[in-house]
Amino acid sequence: MSRLATDDLESQRPKLGVFKFASCDGCQLSILNLEDELLVLGQALDIAYFPEASSKMNPGPYDIALVEGSITTEEDAHRIRFVREQAKVLLTIGSCATAGGIQALRNWADVESFKQVVYPSPDYIQSLKTSTPISEHVHVDFELWGCPIDKGQLLRVITDLLAGVQPRVPVESVCLECKRRGNVCVMVTKGLACLGPVTRAGCGAICPSMGRDCYGCFGPTEGTRIGPGLPPNTASLGRHFHDGLHLIPVEVLRRFRGINGYADAFKQESERWEAKK
Amino acid sequence: MARETCGILSRTNLHRLLDALSAKGYRLVGPMVHDGAVVWDTIQRVSDLPIGWRDHQEPGRYRLEQTGSQEVFGVVHGPQSLKPFAFTPREPLLQIERSKDGFTTRSTLPQSEKVAIIGARACDLAGLAIQDQIFLQGEYQDPYYATRREGLFIIAVNCTRALQTCFCASMDTGPCAKNGFDLALTEVDDQLLIEAGSESGSDLLSALSLSPASQGLTREAAARGDACAQSQVRQLDRTRLPQALHEAHEHPRWDDVAARCLACANCTMVCPTCFCHKVEETPDLTRQNSEHARLWDSCFTQEHGYIHGKNIRPTIKDRYRMWLTHKLASWIDQFGTSGCVGCGRCITWCPVGIDLTEELSSLLKPSEQPSVLSRQ
Amino acid sequence: MVNPYLIHPATIMEKIREADSIHTYRLRLNDEATRRNFRFTAGQFNMVYLFGVGEVAISIVSDPEEPERLDHTIRSVGRVTSAIAQLQAGETLGIRGPFGQGWPLDAVRGHDVVIVTGGLGCAPVVGAIDYMFRRRRHYGSVKIIHGVKTSRDLLFHERFEAWGKQPDTEVLLASTRPDETWRYHVGVVTDLFEHVTLDPTKSMVLMCGPEIMMRLGVPILMRRGIPATAIYVSLERHMECGIGLCGHCQMGPYFLCKDGPVMRYDLVEPWLGRGGV
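Chains as they are written, first to last, in this note's numbering: chain A, 1 to 277; chain B, 278 to 653; chain C, 654 to 930.
I should point out that these hints are in silico values taken from the structure, not numbers from a laboratory.
Positions of the beta carbon are idealized from the N, C-alpha and C atoms, including for glycine.
There's no promise every hint is true.
Stated by the list, open to error - The calculated DSS-like cross-link candidates involving lysine-lysine, where the alpha carbons are at most 30 Å apart (straight line), are:
#, chain 1, residue 1, chain 2, residue 2
1, A, Lys-88, B, Lys-587
2, A, Lys-190, B, Lys-391
3, B, Lys-391, B, Lys-455
Unchecked claim - Simulated restraints, written as ranges between beta carbons of each label pair:
#, chain 1, residue 1, chain 2, residue 2, range
4, B, Glu-416, A, Ala-77, 26 to 36 Å
5, C, Asp-673, B, Asn-566, 30 to 40 Å
6, C, Asp-919, B, Asp-318, 44 to 54 Å
Chain A extracted, bound-state conformation (with noise of 0.2 Å):
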């Protein structure tokens, strides 16, 4: 990885390309909810094409491209390539685009039931059977996870990219924070089925710092489809929401197939449970 910026100029700047595939905008918003630092950013980078922010669109290449969303039709399926074309960085910002995102719960129904229910004509719907996260369809440099992500782990991986350092978020579990914040364990003292011990930090431990379960937005722990390592133990996890904590197979099951449902460890367990249902 070579160093992105070399000098001041307008025209040397390191371009920066943000792209939407199927979400919900939320995480291009915590860039523009980056405020103060959204100036010293324009300043860094070129911010060439952002769509959400600004009608000004310029064409590639871009030094960083950021993709948010999944991947859920035909067309954002040839999209994604182009993109990937067109970028020497490409960085899934989300849930959405990191795991296929909580519309991902379709991968287990069927697709073609909901457009006879929701829409008046559901032919004008062209809709892929699946909703799939950016790296089952091209090369992913790096995964920023969460729902939406958080905007300092953003900006603190962009620094990097500027100089040229290798990005890294912490991979451990959503425990150190919430630990090191000081908090009480809503799962040991009120028996909370929280899913913090399989979830990789990065949000500080929002939920539990207001008294209520983790959710996995940040998606499973270590090993993940690009990252390497040890993927959590989901399977003591899921068992002990089970035997201990009183869930019944279906409780346990929605635990894990929520909006990271997709992502590998949380979807193995699902389907565990899926089959005691």
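Let chain A serve as the given structure and place chains B and C on it in line with the hints.
Relative to the frame of chain A, chains B and C by itself:
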């Protein structure tokens, strides 16, 4: 004025102790009920303390109960030991700024603050003594730890009730505080027996001009401590440590516990002695300034075992084994003492209730017992 | 109280290419007083810091008697070292150190020396070899044994050639997968332990490289009569602090940052090759 080492304060007069500490400029910190447990927090008055509350702890489970009594120190402990006071979860070490000939470094030592901690338990003191040994008594002393540590005034509370998860008696660290405190209290019904354990504790005690402790009360306090030790249902057999655990490196029980362990690191976060930390470097977007800070780390994380391109502890089995072997065996080799003080926090705060005393006893048995998993 | 975390800026005086991804950085501490007071022994290491990225433990390979010049040979492999690789002479790194226990070069005086290195891990021992050759008459015969996988992995080729020309010195090389130009032994490096001529009563061994090489190689040397107490190995673990506090570099009862990185073999023998230690 004669220096006092012992005295009696009636429970209704506990505020006098707090007032005396406040008058000396201490911020008062005590256990407070928050989110279903007690946590250390700044207190203003006696009524901020968990009066009438008791905790019930078992593997993976913590519940508070209001008994309606006037007992002030009925809660044994919460998830936090004394560790966060001196070895904070996140400590900025340096602020580094770019300059024309490279960079300049400024140390971000914390402000020293006088903090009186009311209600530390014997196991917590033992944990703090171990942390002192690591951060203050080795070849390199840690100035951040030292600055925070020197401001602490510690008021211990001797335990008269054991939790299901307690095993300090078998670790020889409790239930009564032996040293490492400025004052130690024993709550005997509506009386508080107070002993001084340091010069500043003794000074404070003298200033309170308490009535002397009767022999009867002193005996009763000791008897309750003994009874508390007797009532502990868990113990940890140290007789064959460290060697026996080193020898159990290939024991099948490690596979068994690995099937249950989440590698979530909760045990290491709540442990009063676990000291692993990592350094996090956070530059600003312009890369003119960078913060160099340390954070609590854990041997259960991926990065802990990373060495250029590979991980020497890739599996949960490796990581749990590293933790337990270090805590109960290598720690003795390194520091001449066990890394476990018997507080039982790792048992309670393990989301799936793994009990190290049970793991150890299985690991020290030559033949494997039927495992929890194979019973299902 | 001295703050052991303070980082001292040092200028890269020279960046010397050793191989594709390996460079030696010749550093000079910027602050005069710090520079004058800096003393180290061969085999000790510094925590080398790159602004905005972090620190990494790197052994000092230059001569301890010229302590104002600090050479560090760095292979670009991780996040910090890859970023360091982009620097040029004149740019700034930071230094904390020196830390750890180096090679017992005083104890080795008057002995025959067997130096064993393997793979890419030979940098820490290069300093020791140079040290001894600068004081050649203090040491008996020198055998340098080095093993690589393919011929292309033979870095420091010129150095091995030059060392081989020193008086009473033998360089023995082995490759498991050599090409047709390979003029040395074909096979594993431990084969050479059987063949090398040595007087076990007069020899001391310095070893650096993969732990498997130590585990398989040392018993052969011991069978040949060299006691375990005459064998020293340089070991590697992750290090965050360098001063024995962060807990990462443990190997059984040892903290390799302060008890090592050079350890007498009999002390570490029980821990080498243990899974996960």
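Hint numbers not upheld by this structure, sorted from lowest to highest: Checked against the structure, the hints that fail are numbers 2, 4, while the rest are satisfied.
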